[in-house]
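Participant: Each chain is listed here by its residues.
Number of protein chains: 4
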Amino acid sequence: MTALSGFFPPKTASGASALIPSPPWLYSGDLLTVEYRTDPARVRELLPEPLGLAEEDPGAVALIWADWQSCSSGRDELLDPVRAQYKEAFVVVRCSYKGRTYSRCVYIWVDKDFAIARGLHQGYPKKLGSIHQTRPHPFGPAPRIEAGARFGATLAAADRRLAEAVVTLREPSETNGFVNGHPMAHNRWVPSIEKGKGLVLDELIESGGASFEGGKSWRGDADLTLFDAPTEELSRLEIREPIAAYYRQVGVVWDGGRLLESAAQ
Amino acid sequence: MTALSGFFPPKTASGASALIPSPPWLYSGDLLTVEYRTDPARVRELLPEPLGLAEEDPGAVALIWADWQSCSSGRDELLDPVRAQYKEAFVVVRCSYKGRTYSRCVYIWVDKDFAIARGLHQGYPKKLGSIHQTRPHPFGPAPRIEAGARFGATLAAADRRLAEAVVTLREPSETNGFVNGHPMAHNRWVPSIEKGKGLVLDELIESGGASFEGGKSWRGDADLTLFDAPTEELSRLEIREPIAAYYRQVGVVWDGGRLLESAAQ
Amino acid sequence: MTALSGFFPPKTASGASALIPSPPWLYSGDLLTVEYRTDPARVRELLPEPLGLAEEDPGAVALIWADWQSCSSGRDELLDPVRAQYKEAFVVVRCSYKGRTYSRCVYIWVDKDFAIARGLHQGYPKKLGSIHQTRPHPFGPAPRIEAGARFGATLAAADRRLAEAVVTLREPSETNGFVNGHPMAHNRWVPSIEKGKGLVLDELIESGGASFEGGKSWRGDADLTLFDAPTEELSRLEIREPIAAYYRQVGVVWDGGRLLESAAQ
Amino acid sequence: MTALSGFFPPKTASGASALIPSPPWLYSGDLLTVEYRTDPARVRELLPEPLGLAEEDPGAVALIWADWQSCSSGRDELLDPVRAQYKEAFVVVRCSYKGRTYSRCVYIWVDKDFAIARGLHQGYPKKLGSIHQTRPHPFGPAPRIEAGARFGATLAAADRRLAEAVVTLREPSETNGFVNGHPMAHNRWVPSIEKGKGLVLDELIESGGASFEGGKSWRGDADLTLFDAPTEELSRLEIREPIAAYYRQVGVVWDGGRLLESAAQ
Numbered sequence: 001m002t003a004l005s006g007f008f009p010p011k012t013a014s015g016a017s018a019l020i021p022s023p024p025w026l027y028s029g030d031l032l033t034v035e036y037r038t039d040p041a042r043v044r045e046l047l048p049e050p051l052g053l054a055e056e057d058p059g060a061v062a063l064i065w066a067d068w069q070s071c072s073s074g075r076d077e078l079l080d081p082v083r084a085q086y087k088e089a090f091v092v093v094r095c096s097y098k099g100r101t102y103s104r105c106v107y108i109w110v111d112k113d114f115a116i117a118r119g120l121h122q123g124y125p126k127k128l129g130s131i132h133q134t135r136p137h138p139f140g141p142a143p144r145i146e147a148g149a150r151f152g153a154t155l156a157a158a159d160r161r162l163a164e165a166v167v168t169l170r171e172p173s174e175t176n177g178f179v180n181g182h183p184m185a186h187n188r189w190v191p192s193i194e195k196g197k198g199l200v201l202d203e204l205i206e207s208g209g210a211s212f213e214g215g216k217s218w219r220g221d222a223d224l225t226l227f228d229a230p231t232e233e234l235s236r237l238e239i240r241e242p243i244a245a246y247y248r249q250v251g252v253v254w255d256g257g258r259l260l261e262s263a264a265q
Numbered sequence: 001m002t003a004l005s006g007f008f009p010p011k012t013a014s015g016a017s018a019l020i021p022s023p024p025w026l027y028s029g030d031l032l033t034v035e036y037r038t039d040p041a042r043v044r045e046l047l048p049e050p051l052g053l054a055e056e057d058p059g060a061v062a063l064i065w066a067d068w069q070s071c072s073s074g075r076d077e078l079l080d081p082v083r084a085q086y087k088e089a090f091v092v093v094r095c096s097y098k099g100r101t102y103s104r105c106v107y108i109w110v111d112k113d114f115a116i117a118r119g120l121h122q123g124y125p126k127k128l129g130s131i132h133q134t135r136p137h138p139f140g141p142a143p144r145i146e147a148g149a150r151f152g153a154t155l156a157a158a159d160r161r162l163a164e165a166v167v168t169l170r171e172p173s174e175t176n177g178f179v180n181g182h183p184m185a186h187n188r189w190v191p192s193i194e195k196g197k198g199l200v201l202d203e204l205i206e207s208g209g210a211s212f213e214g215g216k217s218w219r220g221d222a223d224l225t226l227f228d229a230p231t232e233e234l235s236r237l238e239i240r241e242p243i244a245a246y247y248r249q250v251g252v253v254w255d256g257g258r259l260l261e262s263a264a265q
Numbered sequence: 001m002t003a004l005s006g007f008f009p010p011k012t013a014s015g016a017s018a019l020i021p022s023p024p025w026l027y028s029g030d031l032l033t034v035e036y037r038t039d040p041a042r043v044r045e046l047l048p049e050p051l052g053l054a055e056e057d058p059g060a061v062a063l064i065w066a067d068w069q070s071c072s073s074g075r076d077e078l079l080d081p082v083r084a085q086y087k088e089a090f091v092v093v094r095c096s097y098k099g100r101t102y103s104r105c106v107y108i109w110v111d112k113d114f115a116i117a118r119g120l121h122q123g124y125p126k127k128l129g130s131i132h133q134t135r136p137h138p139f140g141p142a143p144r145i146e147a148g149a150r151f152g153a154t155l156a157a158a159d160r161r162l163a164e165a166v167v168t169l170r171e172p173s174e175t176n177g178f179v180n181g182h183p184m185a186h187n188r189w190v191p192s193i194e195k196g197k198g199l200v201l202d203e204l205i206e207s208g209g210a211s212f213e214g215g216k217s218w219r220g221d222a223d224l225t226l227f228d229a230p231t232e233e234l235s236r237l238e239i240r241e242p243i244a245a246y247y248r249q250v251g252v253v254w255d256g257g258r259l260l261e262s263a264a265q
Numbered sequence: 001m002t003a004l005s006g007f008f009p010p011k012t013a014s015g016a017s018a019l020i021p022s023p024p025w026l027y028s029g030d031l032l033t034v035e036y037r038t039d040p041a042r043v044r045e046l047l048p049e050p051l052g053l054a055e056e057d058p059g060a061v062a063l064i065w066a067d068w069q070s071c072s073s074g075r076d077e078l079l080d081p082v083r084a085q086y087k088e089a090f091v092v093v094r095c096s097y098k099g100r101t102y103s104r105c106v107y108i109w110v111d112k113d114f115a116i117a118r119g120l121h122q123g124y125p126k127k128l129g130s131i132h133q134t135r136p137h138p139f140g141p142a143p144r145i146e147a148g149a150r151f152g153a154t155l156a157a158a159d160r161r162l163a164e165a166v167v168t169l170r171e172p173s174e175t176n177g178f179v180n181g182h183p184m185a186h187n188r189w190v191p192s193i194e195k196g197k198g199l200v201l202d203e204l205i206e207s208g209g210a211s212f213e214g215g216k217s218w219r220g221d222a223d224l225t226l227f228d229a230p231t232e233e234l235s236r237l238e239i240r241e242p243i244a245a246y247y248r249q250v251g252v253v254w255d256g257g258r259l260l261e262s263a264a265q
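Residue numbers (the numbering used here), protein chains in the order written: chain A, 1 to 265; chain B, 1 to 265; chain C, 1 to 265; chain D, 1 to 265.
Since the hints were derived computationally from the structure, they do not count as laboratory data.
Careful, some of the hints might be misleading.
[What the hints assert, rightly or not] Below are the SDA-like pairs computed for lysine to any residue, each with C-alpha atoms no more than 25 Å apart in a straight line:
#1 K197/C to S262/D
#2 K197/A to V200/B
#3 K197/C to G256/D
#4 K197/D to P48/D
#5 K216/B to R240/B
#6 K195/C to K197/D
#7 K112/B to P191/A
#8 K112/A to V190/B
#9 K112/B to V190/A
#10 K197/D to E261/C
#11 K195/B to E233/A
#12 K195/B to E213/A
#13 K112/A to E233/A
#14 K197/A to K216/B
#15 K197/B to E233/A
#16 K195/A to K197/B
#17 K98/D to E261/C
Construct the complete structure from the given sequences, taking the supplied hints into account.
Facilitator: Encoded structure:
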């Protein structure tokens, strides 16, 4: 009989076909973060029990663009970059669980299948999208990372633009924002294959980076616009008050999380 | 507190953001099927316990291209066709479970995110790919569905061509092939978020169409070529002997499956 | 010395690399046409001298979606369908030249490079876009071509939706509309490589199908919406009055055009 | 009557729809160059009269990957980066004209329509492709620009991989290679709209950067593989002897060229 290998389907004798390899997963990338306040009721309606609103600044939202190169521990993907490079835009809010504050991704769009699969494992609610952000460059018309530099960022899905931002950097910053600064509290839900039978997996999990390095953060301000779309609710997180925008280059390792609780079936 | 809605993430108060709605899922499409025999050992190595090789013709493989329009019961997707249309190429073998013969998809590539999500639910090991097949047309140079008509079909992933076929139709057929003719026996596997802890969901499920309609099948022959790629093992299912090729237009409804067994954690 | 071959660059000794082969070019496809009236001044501002507004119904516009399979006379592309299939959406108005009425394409988006190159040759002002239209199908939820059938059509470019329509078929029709029914009067303009020196090619040409076959036309009505975008002016052709919508399957051959006049350099 | 505006079609009253604006065009980007020697006869067969082989090292070829952000003088595109970012892979050889040595691009693939249009203006024989190259990054697993750093680069078109390279940097270099170091000698050819009537534009033009800035060049070596494809002849430029590989970040302005000669019609 066969022992199938592979962290993720398709599983085979060798495991070479798996859409994603087992962690650790390594990332190099640029983060462009736009923070603002929305109606806290719009955040609360996205938090399943037993999660509650964060105690302080419960309506704070971060819309983050990220331009990644990622790989497994063998790093082969970096040399076949169609398998390493992807972009994403994601929306983070904060929540509380047993008295502790967590970050939580409520919407996320990526442009590669391996990123979808990693997100499923980590509890990110991933869809495909078209994501672009200005890249810093040392020469020519593209911006350096410096005061006055301007970066554009856009998100579309299903041929509709969902968000666009122009960020102007103002000064170095001690932080890269506060909304995405906690461990993530995510759900992993799998519905029964049998119709109407509810969930067969219903987990609340915690996850965060296993290691992190990064350059100086820059703080600035953003012009951010959210657009309506028939299958998206991003624009319900309406912009009541801008907070700030940030730019940072980082290196991250992700190597698994921790089960917080599981609803038995 | 919040009751989140939606069959699939992202879940929201309304459920409108879910990547896929709850079944039933309705499909209109064209199936181009190429059947051949490979070394049965190459099939066996893809079958996890307790599945075994099919008793008859255990090395039979079907490589199937499908050009779909799909929707939920509300049918809204059909009028915003970027949300309805997708293409796929998938590889089916047969297996036996408790004395019964099943079909099983061992590899599959699609070109939309909603198709990935439906596949995850149904136990299809989906990846993104670039899939093309000649479409029949009543006018001009494209083929009619008739004797002598030729259809091309290609599959690529990660910028590498994985398979290509040219099918020539010969005559009407009583069947559309035999490899994909049984209920599907698929696994649904979810690894623990905690590193090294194995699976938290490990199901063997059965699934098939809830209803089906279709046109006349046509039988013909195929020139099929499989190509190597570093992250794919399709070409291990090497072509030992052609069987036949088929073309059929169908309408299908999928409305859930049945749990065969679950390995408790 | 070398004689380079090929209808279009890149030219090589064999000509095999040319982005497009020499005509004739053969097409099979489905046309979804939405006709409406706009302010004739908005049409006039798109007509270069010596073209003038059409005498009758000068504000009539056709926005046409087309789902094509195309090939050269050798027909090889049909068997490698990534090289044959493409979609387009284009805007046609009418104009007059020396007392004769012509059709003229003022905007067009396609989704393949060979379609861009053919358009350049023919004087179509092509850009890349993302184009979708519902396909008729004999089974399942997709529409048949019949009274009451509904087809959706959308156009996006640069991650912004530019147009969307839902067409409902009502009855067979003697025509497939009237705006796109004349020979095309197009310009072919090439600016000098030397800055500020104007055009080195400035032609007005006439072109039309070399042969045509088609099925029954269906007439219906459309809900059409045009959207603004910073690099597009489609929405300036604002909808003042709907005319009708049409659906037809066709086969077409294009085999060259005729020079009407050329501004000498 | 109307005066149409715009450097390139579609031309309108405002010019805002033009696929590309008038030069100057500004670029920031990373160049990964692989130089090798092929059979000079394979170079010669790509050179139209009156161009001849370069006197020294006539079989030298440069295969160059470039990851660009580009804009017009208004720089708006940089803030809507889907309109600024593109990638390309191109093949350069050298040739002689009237005793002077020129560089010449014989094949090029890009991934955006505005890049195709600029290439048409400049005489680059552009097609669409899928192009990827590893990006340097200061953090995480992606390489820094330093000795021992490894960069992958791949090119595909029509769902087939055409070339792949892995470059290892060894040391700083005084040059970024020599094959792409001369002014470009390109042809601009436009066939008559009338069948069989030959060219209506047949120019030999010269072009080069109007200004240039760049960082330190790095030299290294490459593993380069070229693949056959039915509509491409890149692999005819077979690799006889590697020369070297280079990496450099640059800023470039292009602002028009010069007519060398024109074949009268």
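Participant: Against each hint, give a clear statement of whether it holds in the structure.
Facilitator: The hints, checked one at a time:
no. : hint             : in the structure
1   : K197/C to S262/D : 15 Å, holds
2   : K197/A to V200/B : 18 Å, holds
3   : K197/C to G256/D : 10 Å, holds
4   : K197/D to P48/D  : 19 Å, holds
5   : K216/B to R240/B : 28 Å, violated
6   : K195/C to K197/D : 29 Å, violated
7   : K112/B to P191/A : 21 Å, holds
8   : K112/A to V190/B : 20 Å, holds
9   : K112/B to V190/A : 20 Å, holds
10  : K197/D to E261/C : 15 Å, holds
11  : K195/B to E233/A : 33 Å, violated
12  : K195/B to E213/A : 22 Å, holds
13  : K112/A to E233/A : 22 Å, holds
14  : K197/A to K216/B : 37 Å, violated
15  : K197/B to E233/A : 35 Å, violated
16  : K195/A to K197/B : 29 Å, violated
17  : K98/D to E261/C  : 35 Å, violated
Hint check: violations occur at hints 5, 6, 11, 14, 15, 16, 17; the rest are consistent with the structure.
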